[in-house]
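Undergrad: Each chain, letter by letter, is given below.
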Amino acid sequence: MADVEAARRALEDALGPSEVLSDPLALALYARDASMVEGGCALVAFPRELEHIVACVRIAGEHGLPIVPRGAGTGLAGGATPVGDALVVVTTKMDRILEIRSRDRLAWVQPGVVNLDLVEAAAPHGLTFAPDPSSQQSSTIGGNVATNAGGPHCLAHGVTSNHVLALDVVLPDGSVERLGSEAPAAAGYDLRAVVVGSEGTLGIVAAACVRLVPLPAAVRTLLLDFDTVEDCAATVSGVIASGVVPGAMEMMDRGIVVAAEAFAHAGYATDAAAVLLVEVEGAAGAVEPEVAVVEAAARANAARSIRVAADEDERARLWKGRKNAFGAIGIIAPHYSLHDIVVPRTRLVEAVTRLYAIGRRHGLVLTCILHAGDGNLHPHLHFDAREPGTRERAAAAGEDIVRLAVVLGGSISGEHGVGLEKRAFMPLVLSADDLTAQACVRAAFDPDGRMNPEKVLPAGTRCEELSRAAPTVGGPEAGWS
Amino acid sequence: MELIHPHTRGDVVEVVREANDAARRLLVVGGRQHMDKGNPCEADAELWTTQLDRLVAFEPAEMLAVVEAGMRVGELNRLLAEGGQEWPSDASDEATVGGAIAADAQSPRRLRTGRIADTVLEAEIVTGDGRLVRSGARTVKNATGYALHRLVAGSLGTLGVIVQVALKLRPLPGVRRTLHAPGPFATGEELLERVPFAAAVVATPGEIEVRLEGWREEVEEQTDAARTVAPGLEAVDGGSFPTHRPWEDGAVVVEAAVPPSGLDALTEVAGDRWGALLGVGLMWIGLDEPGEPLSQIRARAAEAGGIAPVIHGPGGLGEAALPAPHTHARLKAAFDPNGVLAPGRFWGDI
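So the sequences go chain by chain: Z and B.
In the numbering used here, each number is its position in the first sequence, counted from 1, plus 4.
In the numbering used here, each number is its position in the second sequence, counted from 1, plus 7.
Sample of chain B residues facing chain Z (criterion: CB under 10 Å; computed from the structure):
1. D111
2. A124
3. L139
4. S142
5. N149
6. R157
7. R177
8. G221
9. E262
10. P267
11. I314
12. L338
Calculated from the structure, these hints are not laboratory results.
All values derive from a computational prediction rather than experimental measurement.
The C-beta atom is built at its ideal place from N, Cα and C for all residues, glycine as well.
Using the sequences provided together with the hints, build the complete structure.
TA: Laid out in structure tokens, this is it:
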């Protein structure tokens with residue numbers, strides 16, 4: 005049984021009274037992240053240094069509180085939505101960039117550093133942090149690590165996992181370990197690789213060593229628009245099939261374009277069925293040939309117009325519409341739910357066509373924004389929750405969207421993660437044995453099930469092998485139901 | 008030594024289950040190209056993956072291939088080249104895909120292509136207790152669950168038998184060029200700074216090789232940039248890379264991994280048969296025998312926060328304290344509860 009009051013006193017002693025919150029307003033604020041799921045928590049703590057995180061983990065363990073790590077709370081799958089008498093450990097006050105070493109092309113940062121702040125600090129060194137989730141103005145590196153965040157420019161550079169060299173992690177037993185290395189190889193299993201994307205279920209990142217890549221010497225941004233979604237998607241396939249991987253290829257359908265244009269005045273064609281934002285980058289000698297490939301693919305697929313941003317201002321305007329699209333679409337309807345699925349890149353057209361059919365079937369407006377080059381789709385369902393039954397219809401449509409990804413041979417999440425929202429869908433993509441193996445990975449870090457319960461794995465998933473085979477090192481049988 | 012040649016995933020499951028029943032220790036073998044990477048271990052039988060060699064799927068427009076683990080790297084790249092693409096592991100043609108992944112084979116072009124594990128999007132493995140388990144997805148992006156498919160990369164066949172993988176590919180570059188510039192290590196560092204998008208900058212004693220890949224225009228532009236540092240450089244189009252591999256003359260080859268800024272200090276104990284990947288932090292060093300020079304290299308690598316396993320010849324992985332030792336022990340216990348997969352081959356007596 006959790007002793008919340010004793011935990012609060014111990015936390016106040018360790019962190020200072022101002023860094024521990026338990027008033028109703030705070031508990032309500034931290035009861036959810038940016039997802040649709042509402043949870044609840046008992047305490048909220050704000051560590052300012054490594055030792056504070058260790059104290060949080062130890063005290064929560066002693067007093068029987070589950071631990072929910074949290075960055076900026078921009079996650080969309082409920083990974084940071086607490087359940088039960090949880091202690092929410094918020095890392096946003098650990099926001100220092102510890103060092104940038106240009107010779108090693110790396111940076112050490114605390115977990116609460118905001119993604120865009122790191123990007124801006126690295127720029128004078130001629131370097132950048134490549135993952136650029138749409139939330140990058142507010143999301144933290146710790147959160148990016150937890151969700152293995154993506155973003156438009158992951159097309160060329162890969163997702164967060166490819167950019168994390170080492171992590172100082174506070175494990176669920178309170179021990180502190182450096183996983184990974186500044187060196188390109190390290191002794192032992194690559195535990196760093198599983199902590200990335202583990203949604204706060206394996207430990208709390210106290211510091212991250214991330215890889216920085218050289219800023220491109222040249223960038224060209226193109227805006228293409230099309231009469232049909234099919235032509236737009238075919239252009240994406242055509243570019244990839246030509247052997248060119250642009251920095252980014254972002255597709256927006258008409259619903260998104262109209263909303264984004266009203267907000268950003270980027271010059272998007274609001275009568276087009278779809279627009280495609282393509283960015284090519286790299287050495288100066290690389291961008292012109294790649295622009296030519298993109299233009300050729302666009303012409304072959306009946307692009308209505310091809311515009312190349314003339315200068316940095318125009319480029320920034322084109323991106324402003326895309327990066328703020330999620331905020332702009334509120335004008336379509338008072339509420340929306342945002343989904344995240346991946347399909348094979350060659351099945352984009354089919355995916356979009358069938359998504360619209362799902363919207364129609366449930367009587368909901370559906371719009372779509374795509375990291376098209378990666379096959380990663382973000383369908384939005386728009387509705388007014390005050391109308392009776394709409395939430396239920398949106399939930400049913402959401403389930404159809406997830407099932408569509410599976411039918412098309414894709415994945416139920418590309419970058420937002422599983423969290424609370426999709427854990428019940430995991431058996432659609434993983435077998436019982438696969439899930440047991442997943443549970444064993446989790447139990448290897450957290451045998452007692454202290455970290456972020458009820459996330460990622462479906463209820464009842466257990467690592468039975470572990471409890472049978474390792475009586476000397478394991479704790480009680482782990483489970484996260 | 009018994010040799011076992013399974014033809015299907017089902018065969019592998021059966022072999023591993025029988026090994027558990029009979030307490031028979033298995034060494035998983037692919038193309039025998041990375042057998043020396045790992046500590047000596049006793050095994051009762053070798054499980055060869057080489058009959059599992061089908062290309063399951065390759066669609067150039069997906070830039071992704073699904074392949075059984077026993078396919079040879081040379082054969083895979085020959086098939087991929089027909090679609091204008093490559094799997095940039097740079098492991099030898101005789102190596103198997105699964106072997107290169109399990110051994111975390113290091114590509115000379117890692118500066119550009121990244122870790123081999125970054126290319127593994129999905130893996131099917133047979134665990135040490137004979138369960139067929141899949142992790143990941145056949146898409147370039149995926150955020151569903153724990154990345155077991157990345158964990159098996161570099162695990163030296165001690166958690167499971169990799170039987171099939173989905174690989175992220177890249178387009179074959181139109182132009183490949185090697186620049187040869189005489190000069191010391193410091194010249195290499197200057198070249199790396201002037202040519203930041205090089206596929207590789209390799210320093211050997213007295214010479215620097217820069218590998219350029221891409222469009223004709225960008226290769227020319229980078230060649231010009233390199234000439235501002237090394238006016239006398241010689242440019243050779245095509246060919247294998249790196250051209251000079253002095254470390255391969257050694258009976259023992261060490262693969263030291265340190266932060267890139269630590270390479271310079273490593274040259275002091277590396278003798279005269281080495282090659283360093285600048286900007287990456289890898290150095291291959293040739294020795295006549297393990298012994299004292301290896302100990303010195305390992306001490307220096309450890310000072311810089313790195314490691315120095317032997318990848319050819321005797322010498323093993325070396326000593327290193329494993330992080331999160333309980334987590335390591337639990338993983339091994341969960342995935343290979345009876346210890347049938349090459350016990351002792353991995354770091355930390357795992």
